[in-house]
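**Q** Protein chains in written order, with the numbering used here: chain C, 7 to 177; chain B, 12 to 168.
Accuracy of the hints is not assured; some may be wrong.
Listed next, the in silico DSS-like pairs over lysine-lysine satisfying Cα-Cα at most 27 Å (straight line) [as the list claims (entries may be wrong)]:
no.: 1; chain 1: C; residue 1: Lys170; chain 2: B; residue 2: Lys156
no.: 2; chain 1: C; residue 1: Lys52; chain 2: B; residue 2: Lys156
no.: 3; chain 1: B; residue 1: Lys38; chain 2: C; residue 2: Lys108
no.: 4; chain 1: B; residue 1: Lys92; chain 2: C; residue 2: Lys108
Don't read these hints as lab results, they were simulated from the structure.
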Amino acid sequence: MSIRLFSILPMVLACTVLSGCGSVNHNLKLKEDYALTQDTRIAVGKVQNATGKSFEDIDPEKMLKDALTEALQEKDLLWTANGKPVRIDAVIVEYEEGNAFKRWLLPGWGSTVLTVRATLREGDRLIGEAHARRTVSIGGGYSIGAWKSIFRDVTEDLVSDIQKKLEASSA
Amino acid sequence: MPLFPKSMLIAAVSVGIAGCATAWKTKSTFYEPVQTVLEINTQPPTRISVNNRFVGTSPLSVPLNYEREVKVERRRVSYWKTEPGWSLFLTLGSLGLYLPFSFIPIDTESRFVPTGNFHGNVFHIGYRFKGELLGEQTLECHGEKSRKIVETFEPKN
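Just need the whole structure built from these sequences, with the hints factored in.
**A** Below, the structure written as structure tokens:
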């Protein structure tokens, strides 16, 4: 049994190292007295870089804004002058581009990390707060480009939380 | 004899989680929105303005928006601290080869600490009755969920 286990483990490990893995956590907290309605649509507001770093080759604010717009559009949640608008403002509080070679060499080293904090507003009223963090800390060749794809993944997490709240309120 | 005695594994995990971390360092600060709901009740009912903007007639509740400064702190930790499950899996999967490297603090951990500083948190409240200014007050908010104001005025005429 243990011999079989120890022959399988390195294979699983090899697959993991070749592909890419990391941690995912996200949540959305709406105010207790507020519920999203079926006609709620989300408008993308201000996106701010609060990492304390400036990036020469990339514009993380634009990347997040574009990814958020795309993710909302895919779920048909993007506000386009129809429905009740709720504005989402996001702050990038942590962004590490990472390095695929480093994390192939030693898991955890060269991790790609993106942490976003967001607020939802209806008019003047603050109606909710969201948080999403993803890391790509294990992986090799297939995790090249994680510095870019992590924006899509994090925004999909944010949007899926909004969609869940919408579904819960309509149920 | 098992490849990894249970006690050795527990000791390794404990050391990894407890130690192998650098000190917290402030990396940046940012302002996040905060809202305090102000409930105003006056006798007689008055027209309320906040920062010279008419918001309604009392009794009313009005959201006051301002910002709170938050400090981003970061430190380097071992992979045992951030991903204990993966660390264990990698240790077992690599037949122990990963174990000595796993204690190197290469991963990052973040925390967000409010500094206690606020921006735009001072509001000027004005009370008017039939066009006459009955009173004014300044309100400073510090992240409270709600504030209540109950006032009684004597109209001059």
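**Q** Taking the hints in turn, state whether each one holds.
**A** To see whether the hints hold, each was checked on the structure:
{"no.": "1", "hint": "C:Lys170 with B:Lys156", "result": "holds (26 Å)"}
{"no.": "2", "hint": "C:Lys52 with B:Lys156", "result": "holds (24 Å)"}
{"no.": "3", "hint": "B:Lys38 with C:Lys108", "result": "holds (23 Å)"}
{"no.": "4", "hint": "B:Lys92 with C:Lys108", "result": "holds (19 Å)"}
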